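K.L.:
Protein chains in written order, with my numbering: chain A, 93 to 905; chain B, 15 to 246.
Take these hints with a grain of salt, some might be off.
Derived pair list, reagent style SDA-like, types lysine to any residue, alpha-carbon separation capped at 20 Å [claimed, not checked]:
no., chain 1, residue 1, chain 2, residue 2
1, A, K899, A, M785
2, A, K390, A, W889
3, B, K94, A, M539
4, A, K390, A, E480
5, A, K899, B, E93
6, A, K390, A, E141
7, A, K421, A, N98
8, B, K94, A, A186
9, B, K94, A, W889
10, B, K194, B, E147
11, B, K138, A, T542
12, B, K94, A, G820
13, B, K94, A, R890
14, A, K553, A, Q417
15, B, K131, A, R817
16, B, K131, B, G155
17, B, K131, A, S537
18, A, K354, A, N98
19, B, K131, A, M539
20, B, K94, A, R817
21, B, K132, A, T816
22, B, K37, A, E898
23, B, K132, A, Q417
24, A, K421, B, N186
25, B, K94, A, R892
26, A, K899, B, K194
27, A, K553, B, G78
28, B, K131, A, T816
29, B, K131, B, V150
30, A, K354, A, A186
31, B, K131, A, S815
32, B, K138, A, S537
33, A, K899, B, F98
In short, the hints are calculated from the structure, not lab data.
The model shown is predicted, which means the values in this text are computed figures rather than measured ones.
The residues making up each chain are set out below.
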Amino acid sequence: MSALLNKRLARSLWRTKLRLLAVVMMVSVGVFAGVTFGGYSHNLDGMYETLQSDDESGANLADLWVDNRSASWSAEQVGTFCDTLSASWPLTVAALDSCEGRTIIQGTMFHTNGTGTHIINSLWHGIPPDANADKIWMPEGHTEGRVASSADEIVIDAHVVEALELALGDTVAIGAGSSSAEFTIVGVGYHALHVFLAPEGSLFPPESGQFVVGYLSDSGMARLTNTSLGASNTLLLDVEGTPSFDLPDTETYEGDEIDAVKVLVEDAMQAANLEGRVRDRGQNEPVELMRQDLEGAKRTSVPFTVMIAAIASITIVLSLQRLVQSQAKEIAVLRTLGVNRTSLMTGYLIAPLAIGAVGCTIGALMGPWGVNGMLNFYEGIVGLPITEREVPFSLYASIIAPTMFVVFLSGAFPAWKSSQLDPLEVLSGQNQMRVGSTVLRRLTSWMPTTLGLSIRSSVRKPIRLMMTFLAVGISLMLFGSVQMMSAGLQDTIVGGLEEQQSWDAQVYISEGGDAAVAAWANERGATVEPLIEMPLGSVEDSEGLERVFTLVGFDSFETGMRSVTVIDGVRPQSSTGSSQVMVDEGAMTFLGWSIGEQHTVLLNGAEHEVNIVGVTRGELARTMYFQRTELGEALGVNATSMYLALPEGVEVDASLAEISMGVVERQTLIDGMNSLIDQQTQIFQAMMYLGLMFTIAVMFNTMIMNVAERDFELATLRVLGASTRSLGFMLLFESLLIGVIGGLVGVAFAYGGAVGLAASFSSWQFYVAIVVVPSVAYQLMAGVVLIAVAMTPIGIWRLRRMDLVEKVKDLSQ
Amino acid sequence: MADALLRMENLQRHYTTPAGVVKALDGVSFEIHEGERVILLGPSGSGKTTLLNCLSALDSPTGGTYRFLGEEVPRNQSEKMTSFRRENIGYVFQFFNLLQDLTVLENILLIQELAGKKDPARAKELLGLVGLEAEVDRFPGEISGGQQQRVAIARSIAKRPTLLLGDELTGNLDTETSNKVMEALVSACQQESITSVFVTHDEGLVKYATRVIRIDSGKIVSDEQVSSDKKA
Numbered sequence: 093m094s095a096l097l098n099k100r101l102a103r104s105l106w107r108t109k110l111r112l113l114a115v116v117m118m119v120s121v122g123v124f125a126g127v128t129f130g131g132y133s134h135n136l137d138g139m140y141e142t143l144q145s146d147d148e149s150g151a152n153l154a155d156l157w158v159d160n161r162s163a164s165w166s167a168e169q170v171g172t173f174c175d176t177l178s179a180s181w182p183l184t185v186a187a188l189d190s191c192e193g194r195t196i197i198q199g200t201m202f203h204t205n206g207t208g209t210h211i212i213n214s215l216w217h218g219i220p221p222d223a224n225a226d227k228i229w230m231p232e233g234h235t236e237g238r239v240a241s242s243a244d245e246i247v248i249d250a251h252v253v254e255a256l257e258l259a260l261g262d263t264v265a266i267g268a269g270s271s272s273a274e275f276t277i278v279g280v281g282y283h284a285l286h287v288f289l290a291p292e293g294s295l296f297p298p299e300s301g302q303f304v305v306g307y308l309s310d311s312g313m314a315r316l317t318n319t320s321l322g323a324s325n326t327l328l329l330d331v332e333g334t335p336s337f338d339l340p341d342t343e344t345y346e347g348d349e350i351d352a353v354k355v356l357v358e359d360a361m362q363a364a365n366l367e368g369r370v371r372d373r374g375q376n377e378p379v380e381l382m383r384q385d386l387e388g389a390k391r392t393s394v395p396f397t398v399m400i401a402a403i404a405s406i407t408i409v410l411s412l413q414r415l416v417q418s419q420a421k422e423i424a425v426l427r428t429l430g431v432n433r434t435s436l437m438t439g440y441l442i443a444p445l446a447i448g449a450v451g452c453t454i455g456a457l458m459g460p461w462g463v464n465g466m467l468n469f470y471e472g473i474v475g476l477p478i479t480e481r482e483v484p485f486s487l488y489a490s491i492i493a494p495t496m497f498v499v500f501l502s503g504a505f506p507a508w509k510s511s512q513l514d515p516l517e518v519l520s521g522q523n524q525m526r527v528g529s530t531v532l533r534r535l536t537s538w539m540p541t542t543l544g545l546s547i548r549s550s551v552r553k554p555i556r557l558m559m560t561f562l563a564v565g566i567s568l569m570l571f572g573s574v575q576m577m578s579a580g581l582q583d584t585i586v587g588g589l590e591e592q593q594s595w596d597a598q599v600y601i602s603e604g605g606d607a608a609v610a611a612w613a614n615e616r617g618a619t620v621e622p623l624i625e626m627p628l629g630s631v632e633d634s635e636g637l638e639r640v641f642t643l644v645g646f647d648s649f650e651t652g653m654r655s656v657t658v659i660d661g662v663r664p665q666s667s668t669g670s671s672q673v674m675v676d677e678g679a680m681t682f683l684g685w686s687i688g689e690q691h692t693v694l695l696n697g698a699e700h701e702v703n704i705v706g707v708t709r710g711e712l713a714r715t716m717y718f719q720r721t722e723l724g725e726a727l728g729v730n731a732t733s734m735y736l737a738l739p740e741g742v743e744v745d746a747s748l749a750e751i752s753m754g755v756v757e758r759q760t761l762i763d764g765m766n767s768l769i770d771q772q773t774q775i776f777q778a779m780m781y782l783g784l785m786f787t788i789a790v791m792f793n794t795m796i797m798n799v800a801e802r803d804f805e806l807a808t809l810r811v812l813g814a815s816t817r818s819l820g821f822m823l824l825f826e827s828l829l830i831g832v833i834g835g836l837v838g839v840a841f842a843y844g845g846a847v848g849l850a851a852s853f854s855s856w857q858f859y860v861a862i863v864v865v866p867s868v869a870y871q872l873m874a875g876v877v878l879i880a881v882a883m884t885p886i887g888i889w890r891l892r893r894m895d896l897v898e899k900v901k902d903l904s905q
Numbered sequence: 015m016a017d018a019l020l021r022m023e024n025l026q027r028h029y030t031t032p033a034g035v036v037k038a039l040d041g042v043s044f045e046i047h048e049g050e051r052v053i054l055l056g057p058s059g060s061g062k063t064t065l066l067n068c069l070s071a072l073d074s075p076t077g078g079t080y081r082f083l084g085e086e087v088p089r090n091q092s093e094k095m096t097s098f099r100r101e102n103i104g105y106v107f108q109f110f111n112l113l114q115d116l117t118v119l120e121n122i123l124l125i126q127e128l129a130g131k132k133d134p135a136r137a138k139e140l141l142g143l144v145g146l147e148a149e150v151d152r153f154p155g156e157i158s159g160g161q162q163q164r165v166a167i168a169r170s171i172a173k174r175p176t177l178l179l180g181d182e183l184t185g186n187l188d189t190e191t192s193n194k195v196m197e198a199l200v201s202a203c204q205q206e207s208i209t210s211v212f213v214t215h216d217e218g219l220v221k222y223a224t225r226v227i228r229i230d231s232g233k234i235v236s237d238e239q240v241s242s243d244k245k246a
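Full structure from sequences and hints, please.
P.N.:
Encoded structure:
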């Protein structure tokens with residue numbers, strides 16, 4: 093008997109093909125999204141492993157970095173340090189694989205093409221040909237040439253080769269500080285510290301070709317910087333295996349293994365009389381940022397899938413529930429004829445499983461296509477090749493199993509409802525009788541009766557309405573949260589850079605290099621402003637974790653070329669004793685600090701008392717703002733760079749590049765940030781539009797059901813002489829009501845989603861403040877209201893098509 | 015004799031089905047005058063409901079003429095037919111069809127509002143007329159079937175229709191309640207000077223009519239005046 097009953101149910105469902113198709117599509121999209129995101133993170137994971145691995149194919153990412161950018165250690169000092177460290181290395185700690193010195197230095201590339209010579213901000217690495225750690229990554233088929241071995245050779249990072257139209261054998265002119273030299277390109281490769289090609293201290297990669305990284309040999313670096321071979325400002329330590337290090341985005345502390353190594357390193361530094369900061373992988377920003385990006389991708393796949401599956405489930409619940417309602421008499425007759433509850437329930441339980449199976453199959457089949465698309469997209473944005481691609485079976489299982497479970501649950505309630513129908517009650521029409529709400533009557537009694545009826549009809553099925561709003565909310569969470577986060581990000585970061593800053597270029601200088609830049613500016617009528625900007629601050633948070641932040645010193649926070657957005661407190665003033673400082677809101681949140689508190693921080697390793705007087709917004713990196721003179725005294729530097737405001741017609745030129753350590757133009761930064769935000773948004777754009785489509789589908793489903801359920805009363809009113817126009821107005825009012833409430837719920841969900849998304853993205857390294865941009869909220873509201881109102885013509889169309897003779901027959905039965 | 019309120023001549027309603035043409039109404043002709051209370055009697059499938067549907071302009075005849083107050087009644091034009099109903103016709107259903115979300119009083123006010131004649135005082139007066147002045151703020155689900163049908167009657171005459179139509183309006187009620195409803199109906203029609211036509215198969219209701227038309231196989235088989243007293 094069950095087979096016949098199920099066949100009957102299948103035919104009933106088939107009559108609502110459009111709805112059925114929409115539900116199957118939702119499930120498919122959920123699985124497709126899950127497989128796409130999951131496959132993307134799986135393959136990305138593999139790529140990172142390959143890139144960082146200590147073997148022939150990998151670049152062997154170091155485990156510890158020791159650096160001091162204001163010092164240069166001689167080959168002898170490095171040798172002493174490494175020897176001391178090796179000698180003191182205990183057997184209880186994983187063996188030391190290598191201890192190497194490197195020079196990593198900011199500089200400039202003088203790039204000449206058809207439009208002239210361009211000064212490009214650059215970073216140069218001096219890597220010995222036989223280096224063990226942090227080697228150049230040259231995967232076969234994706235790179236070309238070899239590593240630099242002689243003093244006039246260079247390998248250019250693959251990210252910029254196409255944009256700058258460089259090729260093997262080309263000669264490039266590069267500079268670092270006051271010197272410049274020509275090098276021949278012998279290779280094109282990648283580096284584990286430059287997966288995301290952004291200058292130090294910036295999380296935004298400039299547009300391709302606006303920032304260059306090159307890998308010289310150690311002899312090449314000595315030639316460029318005019319120093320002796322082996323001079324270094326960075327030490328790399330590689331330990332056998334990968335000692336666990338603390339992950340800054342987790343609450344637990346995982347850094348015990350690397351801490352044991354750090355103690356040895358610090359002792360050896362003391363013995364060799366070296367000063368510098370020691371960082372593990374968790375504290376190395378480029379490494380940590382990419383790890384968190386990967387973690388973010390891993391975390392995203394399941395919630396997105398579950399959210400989409402939830403929307404599909406709500407639609408299934410509502411649709412099946414409506415089906416049970418419309419088949420109440422049929423079910424009652426079957427029950428009267430002796431069909432048992434279990435037989436009736438089976439069909440309603442099987443239906444969602446069948447829908448889920450079809451949806452999952454389609455989604456799974458489309459999945460690899462999505463994975464490839466995402467990986468291609470990643471390659472396009474990050475510029476790193478994904479050398480191997482696969483979608484493991486376990487991934488399919490991990491996506492399909494929860495989806496099928498959620499979809500199965502959606503059949504449970506309608507199935508139970510169908511089994512609970514009382515045949516007597518249904519056949520006597522008692523189940524249609526209900527008593528209106530007295531509360532609603534009181535609330536709407538002052539309104540015209542038509543409006544009161546509209547409101548009461550709209551909220552007649554509060555559970556369905558709430559589920560609709562929930563589904564709309566989740567849909568808009570997909571659609572609106574990314575939009576809200578991007579708008580907030582653009583508003584705070586790019587907006588601040590565009591509107592509140594008057595500098596045109598930032599010129600990086602070596603110690604004492606400010607006079608030359610000032611003279612250059614003076615000759616051209618440009619104004620200058622010295623500043624200090626160094627990622628050399630650190631503090632221990634409440635859990636004992638060392639947090640590294642950028643130190644910034646300005647002469648004036650009111651009249652300077654760079655205005656800082658102060659969201660609380662006041663700007664720092666010169667003071668005696670502890671320095672007055674402002675701290676960005678991300679750092680304040682993570683550290684749990686408040687205005688008025690005094691804290692001890694480390695400035696380039698030395699303890700310093702600071703007094704928090706203000707909180708700022710607009711920085712992605714954690715930042716502490718000082719008066720420049722006070723910061724300069726603490727660090728022992730006068731300025732690290734200079735802002736230039738260029739008069740009309742004056743541009744950055746080669747002579748400026750030659751006297752600087754690098755030049756960054758503000759417009760380049762803005763373009764880079766905009767470009768990155770656009771690209772990041774594009775990743776989620778498909779999700780956003782899916783969210784919109786789901787909103788339309790969910791609203792459509794509910795509105796159609798509302799109108800269908802009201803056939804009885806609409807037919808009654810039509811028979812009694814109500815015009816289509818007056819009933820159309822009633823439907824329009826209902827649509828508006830549902831649209832406005834749905835819109836408000838949607839905005840709330842989108843905001844919640846944006847906060848959640850920002851929280852999942854936010855870390856010490858990358859903090860996103862969610863600022864509600866009103867236009868986004870209005871857009872979301874208007875979107876939902878529009879969708880709801882757009883359903884009114886469908887209701888009116890149904891009214892016009894209504895066969896009143898047939899309806900009167902129904903009304904008389 | 016005064017002009018007829020409505021006149022049907024050779025009215026036909028034929029349906030084309032796969033089995034052939036079904037003649038639900040096959041040349042029906044009659045007149046109804048103001049103040050009459052007509053009962054249409056006939057067995058199931060005789061065409062009485064089809065006739066009622068044509069009278070109310072819910073359905074369009076396929077032949078013949080139907081004039082109301084001297085004017086041709088629109089057919090096959092949904093909005094004009096609706097407008098005709100709104101201006102001239104009151105309708106009482108077998109299953110009352112009150113809107114469950116509105117109170118007794120609001121059910122009447124809604125119809126007045128849709129007809130552009132909202133008048134709460136008259137709505138309450140009508141509820142008094144059918145003996146329900148104490149139930150104005152109750153929901154349909156809170157009152158009995160007989161009471162609901164009386165509300166439906168009050169609702170149908172709330173906009174002062176010229177012609178009141180009912181289809182088996184006591185078919186869902188027991189005899190005692192049926193009588194109460196019919197008494198309320200007759201009283202309301204007399205006070206409001208409303209002409210009425212009711213479809214039923216219950217011979218017991220003949221006593222409330224002034225005229226009985228019997229119909230079978232789509233044709234009028236008898237048309238008799240049962241009482242000349244329109245106030246009876």
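K.L.:
Identify every previously stated hint that the structure contradicts and give their numbers, smallest first.
P.N.:
1, 2, 3, 8, 16, 18, 23, 26 and 27
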